[in-house]
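Participant: Chains as they are written, first to last, in numbering that gives the first Met the number 0: chain P, 0 to 234; chain E, 0 to 273.
Treat the hints with care, as some may be off.
Claimed, not checked - Below, simulated SDA-like cross-link-like pairs (lysine to any residue); rule was C-alpha separation at most 20 Å, straight line:
1) E:K73 x E:I10
2) E:K267 x P:V71
3) E:K3 x P:S94
Worth flagging that the hints you see were computed from the coordinates, not collected in a lab.
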Amino acid sequence: MAGKPLLEIKNLRKSYGSHEVLKGITFDIPKGQIVGLLGPNGCGKSSMIKSIVGLINDYEGEILINGQAPGVESKKVVAYLPEKNYLPPWMTPKSAINYMADFYKNFDQEKALNMAQTFELNMKQKLKTMSKGQQEKLHLILVMCRKADLYVLDEPLGGVDVVARDFILETILKNHAENSTILLSTHLIYDIERILDRVIMIKGGTLAVNTQVEKIRENNSTVENLFREVFSNVW
Amino acid sequence: MFGKLLKHDFIATGRVMGIVYGVFAAVALYLVGSVALSKELDSIGEMLGYIVLCLISFANFVVTAAVVMLNFQKSVYGDQGYLTFTLPVKSESVLFSKMFVSIFWYIAAFLAFLATARIALWSMGEMMGDEGLGLVEMLLGMVQEGLSVNVLIVYAVTYVIQFFFLVVTFTMIAYFAITVSNTRPFQKHYVLFTILFLAVVGIVVLKVMDIVTEYIHIGFNYSYVTEKLTFAVGTDAMVALAHIDIAAPIALILISVGLFFSTYILMKKKINIR
Numbered sequence: 000m001a002g003k004p005l006l007e008i009k010n011l012r013k014s015y016g017s018h019e020v021l022k023g024i025t026f027d028i029p030k031g032q033i034v035g036l037l038g039p040n041g042c043g044k045s046s047m048i049k050s051i052v053g054l055i056n057d058y059e060g061e062i063l064i065n066g067q068a069p070g071v072e073s074k075k076v077v078a079y080l081p082e083k084n085y086l087p088p089w090m091t092p093k094s095a096i097n098y099m100a101d102f103y104k105n106f107d108q109e110k111a112l113n114m115a116q117t118f119e120l121n122m123k124q125k126l127k128t129m130s131k132g133q134q135e136k137l138h139l140i141l142v143m144c145r146k147a148d149l150y151v152l153d154e155p156l157g158g159v160d161v162v163a164r165d166f167i168l169e170t171i172l173k174n175h176a177e178n179s180t181i182l183l184s185t186h187l188i189y190d191i192e193r194i195l196d197r198v199i200m201i202k203g204g205t206l207a208v209n210t211q212v213e214k215i216r217e218n219n220s221t222v223e224n225l226f227r228e229v230f231s232n233v234w
Numbered sequence: 000m001f002g003k004l005l006k007h008d009f010i011a012t013g014r015v016m017g018i019v020y021g022v023f024a025a026v027a028l029y030l031v032g033s034v035a036l037s038k039e040l041d042s043i044g045e046m047l048g049y050i051v052l053c054l055i056s057f058a059n060f061v062v063t064a065a066v067v068m069l070n071f072q073k074s075v076y077g078d079q080g081y082l083t084f085t086l087p088v089k090s091e092s093v094l095f096s097k098m099f100v101s102i103f104w105y106i107a108a109f110l111a112f113l114a115t116a117r118i119a120l121w122s123m124g125e126m127m128g129d130e131g132l133g134l135v136e137m138l139l140g141m142v143q144e145g146l147s148v149n150v151l152i153v154y155a156v157t158y159v160i161q162f163f164f165l166v167v168t169f170t171m172i173a174y175f176a177i178t179v180s181n182t183r184p185f186q187k188h189y190v191l192f193t194i195l196f197l198a199v200v201g202i203v204v205l206k207v208m209d210i211v212t213e214y215i216h217i218g219f220n221y222s223y224v225t226e227k228l229t230f231a232v233g234t235d236a237m238v239a240l241a242h243i244d245i246a247a248p249i250a251l252i253l254i255s256v257g258l259f260f261s262t263y264i265l266m267k268k269k270i271n272i273r
């Protein structure tokens with residue numbers, strides 16, 4: 000019998016004006032799983048993620064993280080990697096690490112400094128002069144050096160080559176806290192299929208699939224095939 | 000956590016403001032040193048120094064407004080908002096921290112302005128010797144005429160307090176305008192709408208203040224006979240020569256509180272960061 004879920008989403012609805020992007024989604028995620036949040040662009044993935052991490056507050060329904068609605072307490076245990084660069088351009092790896100250490104008690108500063116050294120980041124280089132790859136490495140360090148309960152990673156593999164994707168996945172798998180949950184949004188299913196425990200597919204703002212990857216395999220299928228099946232009529 | 004927010008807001012704004020005050024301090028030191036040594040103000044360098052110092056003193060208020068507003072837009076509603084809104088801190092703490100830092104820089108600008116005036120007076124005294132000192136004393140005497148030192152102090156404190164509340168109100172008008180401009184209907188052209196809302200809210204606040212100063216008279220009157228301040232309400236207060244108004248500061252406080260809560264509610268409920 001599984002314990003209390005880490006993330007509970009009940010009848011989540013979100014509209015932008017008259018356009019409803021999330022149409023009453025309900026699911027929960029237990030502790031210790033790696034969950035793929037899949038769906039084409041515009042299906043409502045980002046709105047859902049933003050609601051979970053506390054960037055969107057005007058939604059209907061209920062979101063609970065460790066039994067608490069998104070707020071100061073939940074933000075202490077949720078590590079979020081947005082799709083875009085969110086650091087000021089004048090920041091350096093050193094100042095960014097200090098910043099995170101100031102605000103998050105569960106941020107492992109020593110580990111972050113070691114990782115920055117391993118990733119060959121110049122600690123005094125300003126973000127605006129860094130390459131996209133270097134910036135992504137820094138973002139990854141800032142998120143994965145937190146001992147979080149829930150890691151929410153929004154398109155961490157987007158816009159990078161296949162070698163970088165492997166590197167990013169390896170970094171995530173090696174560094175996430177024990178018994179933590181990873182919610183990973185992507186459309187690059189092939190690359191992440193091997194690491195997933197569960198997949199959630201969102202189609203047109205509704206929950207299309209919520210199942211264990213093991214069960215998909217038991218039916219002699221793959222996540223990619225299921226994805227094709229579910230979204231075959233989208234294009 | 001509030002202390003950490005303050006620290007990082009000072010770091011973010013201090014990069015530009017630090018340069019401004021660095022230049023200001025360097026020019027001021029050069030002038031003071033130069034005048035103290037030569038007792039003259041005859042070189043082109045010194046003249047330029049004075050011009051630069053005066054320009055910085057005036058431009059400082061504009062630079063402060065620009066830095067404070069840009070920092071708020073970028074760190075709260077720009078890409079950096081992804082970081083700000085996912086920190087384990089309350090939205091009101093974010094707002095308070097930004098407001099505190101803004102007030103600090105405005106007060107610094109005000110002090111720099113006073114320092115420039117002080118340096119100018121001192122230089123005048125140094126250059127003109129006894130004659131200059133006499134001129135300074137005469138100027139102070141004109142201001143002081145008919146008023147005791149105590150009342151002058153009360154006046155000075157009152158004006159400083161009024162400046163403080165004006166700064167708080169202006170900051171809150173700016174933050175409110177930026178926040179409304181970042182709600183969904185206006186988000187696409189937020190720069191344009193920020194300017195528009197800044198003007199509209201500014202005009203409304205000015206009109207409210209006009210009404211308050213015209214119709215509400217609460218404050219302290221100075222008696223030349225007893226040399227004391229007495230609390231006064233009503234039209235008598237208006238005709239008094241030495242009247243210290245408290246209706247305007249109270250109105251500014253109420254406006255600021257209203258704008259703070261409106262901004263906070265919008266921030267919490269209506270903002271969708273792009």
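Participant: If a hint holds in the structure, say so; if it does not, say that too.
Facilitator: The hints, checked one at a time:
{"no.": "1", "hint": "E:K73 x E:I10", "in the structure": "holds (14 Å)"}
{"no.": "2", "hint": "E:K267 x P:V71", "in the structure": "holds (13 Å)"}
{"no.": "3", "hint": "E:K3 x P:S94", "in the structure": "holds (13 Å)"}
Hint compliance for this structure: every hint is met.
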